[in-house]
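Residue numbers (the working numbering), protein chains in the order written: chain W, 5 to 218; chain C, 16 to 476; chain B, 7 to 204.
Honestly, I wouldn't trust all of these hints.
[Stated by the list, open to error] FRET-style restraints, in silico, Cβ to Cβ: (1) B:Gln136 with C:Ala120: 33 to 43 Å; (2) B:Ala162 with W:Gln46: 26 to 36 Å; (3) C:His444 with W:Glu179: 16 to 26 Å; (4) C:Arg155 with B:Gln136: 50 to 60 Å; (5) C:Gly345 with B:Gln136: 23 to 33 Å; (6) C:His444 with B:Ser169: 44 to 54 Å; (7) C:Glu236 with B:Ser169: 35 to 45 Å; (8) B:Ser169 with C:Asp125: 49 to 59 Å; (9) C:Met470 with B:Gly121: 53 to 63 Å; (10) C:Gly345 with B:Asp138: 27 to 37 Å.
In short, the hints are calculated from the structure, not lab data. C-beta atoms are modelled at their ideal positions from N, C-alpha and C, and glycine is treated no differently.
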Amino acid sequence: MPNNSGKVYGLTILSPIINDDRATPSHDLQIRSYLAGLSTGQDSPFALAPGTHLARLVVMDDVVFVGAPAVEEHLNSKYLIFESNCDAGPDGSIDGYLNGLAEHAAEHLDAIWSHCVGYPGAADRAAFIRYMKACQLETTFFFAAINDKSVPETLRALQTQRAVADFIESHQGVEPEKLRAEFLKLVSALDAAPLPTVASAIVSRDIKIGGRNE
Amino acid sequence: MSKLNETDIQGFVLRGYNLPFGRYIFIHFKNPDRAVVLISKLLPMITTGQRWDNGKPPSTVNIAFTHRGLAALALPDATLLSFPVEFQQGMKKRAEILGDTGRNAPERWDAVWHGDEVHAWLGINGLTAEALETCCSQVRALFAETGGAIELAAQDAVSNMVNGQQTGKEHFGYTDGFGNPDYLGIERNSQPGHGKQLPDGSWAPLATGELLLGYADEAGELPIAPIPHILASNGTFMVYRKLHQNVATFRKFLDEQSANYGGGREKLAAKLIGRWRDGTPLELAPDAPDQSIVKDPTRNTNFTYGADGAGTRCPIGAHMRRAHPRDAFGFNGKLIDRRRITRRGQTYGRFVPEGESASDAEDRGVVFMVLNANISRQFEFVQQQWIEYGNDAKQGNDKDPLIGNHGGHGKFVVQGDRSASNPPLICGHLPNFVELRGGDYFFIPSITALGMIAMKLVDPR
Amino acid sequence: MSNINGKVYAMNAITPMKPWKTWILRLIFFVLGHVKSLQQDLINLSFIEFARWVVVPRGGFPQLGNGQEPEKLTYDYLLFFSNFNGTWNQYIDAFSAVLFKGLDLIWKWSEKFPGSVPVTIFKEYIGRVQFDTDYYFTAYPHATANDLKAAHSVQASFDDLRSRAANLSGPEFADAYLNFVLQVQPYLGETGEAPVVF
Numbered sequence: 005m006p007n008n009s010g011k012v013y014g015l016t017i018l019s020p021i022i023n024d025d026r027a028t029p030s031h032d033l034q035i036r037s038y039l040a041g042l043s044t045g046q047d048s049p050f051a052l053a054p055g056t057h058l059a060r061l062v063v064m065d066d067v068v069f070v071g072a073p074a075v076e077e078h079l080n081s082k083y084l085i086f087e088s089n090c091d092a093g094p095d096g097s098i099d100g101y102l103n104g105l106a107e108h109a110a111e112h113l114d115a116i117w118s119h120c121v122g123y124p125g126a127a128d129r130a131a132f133i134r135y136m137k138a139c140q141l142e143t144t145f146f147f148a149a150i151n152d153k154s155v156p157e158t159l160r161a162l163q164t165q166r167a168v169a170d171f172i173e174s175h176q177g178v179e180p181e182k183l184r185a186e187f188l189k190l191v192s193a194l195d196a197a198p199l200p201t202v203a204s205a206i207v208s209r210d211i212k213i214g215g216r217n218e
Numbered sequence: 016m017s018k019l020n021e022t023d024i025q026g027f028v029l030r031g032y033n034l035p036f037g038r039y040i041f042i043h044f045k046n047p048d049r050a051v052v053l054i055s056k057l058l059p060m061i062t063t064g065q066r067w068d069n070g071k072p073p074s075t076v077n078i079a080f081t082h083r084g085l086a087a088l089a090l091p092d093a094t095l096l097s098f099p100v101e102f103q104q105g106m107k108k109r110a111e112i113l114g115d116t117g118r119n120a121p122e123r124w125d126a127v128w129h130g131d132e133v134h135a136w137l138g139i140n141g142l143t144a145e146a147l148e149t150c151c152s153q154v155r156a157l158f159a160e161t162g163g164a165i166e167l168a169a170q171d172a173v174s175n176m177v178n179g180q181q182t183g184k185e186h187f188g189y190t191d192g193f194g195n196p197d198y199l200g201i202e203r204n205s206q207p208g209h210g211k212q213l214p215d216g217s218w219a220p221l222a223t224g225e226l227l228l229g230y231a232d233e234a235g236e237l238p239i240a241p242i243p244h245i246l247a248s249n250g251t252f253m254v255y256r257k258l259h260q261n262v263a264t265f266r267k268f269l270d271e272q273s274a275n276y277g278g279g280r281e282k283l284a285a286k287l288i289g290r291w292r293d294g295t296p297l298e299l300a301p302d303a304p305d306q307s308i309v310k311d312p313t314r315n316t317n318f319t320y321g322a323d324g325a326g327t328r329c330p331i332g333a334h335m336r337r338a339h340p341r342d343a344f345g346f347n348g349k350l351i352d353r354r355r356i357t358r359r360g361q362t363y364g365r366f367v368p369e370g371e372s373a374s375d376a377e378d379r380g381v382v383f384m385v386l387n388a389n390i391s392r393q394f395e396f397v398q399q400q401w402i403e404y405g406n407d408a409k410q411g412n413d414k415d416p417l418i419g420n421h422g423g424h425g426k427f428v429v430q431g432d433r434s435a436s437n438p439p440l441i442c443g444h445l446p447n448f449v450e451l452r453g454g455d456y457f458f459i460p461s462i463t464a465l466g467m468i469a470m471k472l473v474d475p476r
Numbered sequence: 007m008s009n010i011n012g013k014v015y016a017m018n019a020i021t022p023m024k025p026w027k028t029w030i031l032r033l034i035f036f037v038l039g040h041v042k043s044l045q046q047d048l049i050n051l052s053f054i055e056f057a058r059w060v061v062v063p064r065g066g067f068p069q070l071g072n073g074q075e076p077e078k079l080t081y082d083y084l085l086f087f088s089n090f091n092g093t094w095n096q097y098i099d100a101f102s103a104v105l106f107k108g109l110d111l112i113w114k115w116s117e118k119f120p121g122s123v124p125v126t127i128f129k130e131y132i133g134r135v136q137f138d139t140d141y142y143f144t145a146y147p148h149a150t151a152n153d154l155k156a157a158h159s160v161q162a163s164f165d166d167l168r169s170r171a172a173n174l175s176g177p178e179f180a181d182a183y184l185n186f187v188l189q190v191q192p193y194l195g196e197t198g199e200a201p202v203v204f
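Start from the sequences and build out the full structure, keeping to the hints where you can.
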């Protein structure tokens, strides 16, 4: 399946936006306006729900006219594009990811997709997943630089890397027994540390283990 | 590629004069009509790229303009607006992009840069101090005679002397000036390691358009240039940066860090930059400096990093490996061929040999001048992405250890191996060894273009 | 609207293709997808985190009824989505400099595609067919693809050492630790704020 690369999934959804002359502002503008104010940090729907590495939402107004002699043509609907690079389920499916979104970010999903044709709401999970799949396009070619790591594994690795860099710097020239003891302390500290939050500011420097200047 | 018209290109663009005495005079045009008279009187004094068959002249004069300066000369608006945005803005407005913040922020620059008064740079170099003074007097007399310009400030520069001899050493003690690129059509004693690397490993000159406007560049097109073309052709852009050097901080750092480093003080100094202080490249001689390499033009720039991916010879984050990564990013260097810059540097302030006490407060450093066809694509890219950031080198946010704007928070990883004399080392809490004291972006026109400006003959089309 | 979040840039582009050409493109992607060595340049251009191409046939835009008017198009469309690190110019310069053959193979079926060399005309085309991102999320705004790969490398070496550390004597550990440091020493760059976009 071209939607899959290793453990990650390339989800492409195009949801037709309701075309209603009576709506003011129009539905596409209402989506844009909501998205403009939507947090990209820890309150983001993609931070509240698990499994998103990177995702975007784009209102596509129309196709592009590239100039003569190409023909000018237009779409009858505008589309909301949802492009997500996320963790696939163990079976490679996207159902678990969509279910997680509906479970953790229903309010945002409803606020955004209620402007789209045929959106059933996130409360009815099965209908929501059916709807999203009805709007899904198959990826023709998907490239993932890293395709064997989940979001939690990546967050953990970023935390480990920073702690290790700090540890090495502060343990240059430390004698073997102490080095070993403090390395084991680092292991425990990392095990005990909470997973860093998604989309948060710089990974914290809380993990400090002894070292030369202790 | 036919031979360039060296009589039309300012000499400063084509070659480093290597004259020991320099003065950079910054001027302000009061009135366009009087200013163009000044330019027409300066024109015969301008040093061109013509070869010096009879030895070096006693002095040289070159001229370059800020965008405000060109506006003060009343060039047509259509021409002024056709210059690249970064040149129109000037270096101060690009401070955030360049990482010129904190200790390097424009508020801390020399007074001459505080207003937006600098209209032109006059670069004067002399074989002797007397020749420099004589030439400066002649130029300054023209300011008074024409009423075309007032002098805002002058920056003196002088090559560091050791035992009364001119040296290529800068204040930290590194021998400088190895790596300028070769360009097609520019006569120079070419050597392997200049220019660009070809897939077969050999070296070739860069396209002329990486340095000069009006010629094809490495992308196979003419560089973005102002209109009319004749104003731009044979011209280039210059970045002027006055870099103060904290020599005491630098030496203290070497003392402290080398106390815990098996490689010793000199090797640590070499690891920061990628060359031993005498100029020997670490890639060719990782264990000790070797003057036979330094003196050999077929070797002293003839190396690559491909076989040293781990950085155990030259650290991945070392200054030289960042500023000119050669093959370090793969693709036979194709990713870097459009990021090369030509450097013209000259030290200022008193040289203090190791062993004599030095203070950061003393006024010393290097006047660093960059020549490139596209400031944004070349200088600014190198400065932002490779000096003040490390992603292309896979070093995250780590900055250039030597010239990065660290503010006390820098980190430098010296990759090592299992040997006692080349262990790994992490240097934390790096201070600023170098601080920016001002500068701007300048356009260096051709002789033809100077004449057009002097005669007010610039039409936009 | 913002195409940028921290260290990543979201590019969207759409180009029209005559439907008969779409099949050639599908074949090319099929080969690219199944011959991994052809992806090596894409991997070596280490500033791309994720990229995808989606061919939308002229009858393939989602149709949900409920009064949605069907699309009447003569072209198929090629959608391109990229998540890359660094500047827009850097990205396109790099593509044009080292991936021009691959790019031409993918986009030459699109109307009016000028070729990816020389770069300025190519950039002009990209500028015309690019459309902007309204909302862009990344779980790691302070990390690039290189940073993430470095972190995973450190984690793997760390896990290896921790699994052995408790059973090693002091001197044995010191030796294993030196090996560990030598393994991770290229991967210790800081994560943090992205440079200012220009």
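Right, here's what the structure says about each hint:
1. B:Gln136 with C:Ala120: 33 to 43 Å: holds (34 Å)
2. B:Ala162 with W:Gln46: 26 to 36 Å: Check passed, 28 Å falls within 26 to 36 Å.
3. C:His444 with W:Glu179: 16 to 26 Å: holds (23 Å)
4. C:Arg155 with B:Gln136: 50 to 60 Å: holds (53 Å)
5. C:Gly345 with B:Gln136: 23 to 33 Å: holds (27 Å)
6. C:His444 with B:Ser169: 44 to 54 Å: violated (32 Å)
7. C:Glu236 with B:Ser169: 35 to 45 Å: For Ser169 of chain B against Glu236 of chain C, whose Cβ atoms are near 55 Å apart, the range 35 to 45 Å is violated.
8. B:Ser169 with C:Asp125: 49 to 59 Å: holds (58 Å)
9. C:Met470 with B:Gly121: 53 to 63 Å: For Gly121 of chain B against Met470 of chain C, whose Cβ atoms are near 42 Å apart, the range 53 to 63 Å is violated.
10. C:Gly345 with B:Asp138: 27 to 37 Å: holds (31 Å)
Checked against the numbered hints given earlier, this structure breaks hints 6, 7 and 9; the rest are met.
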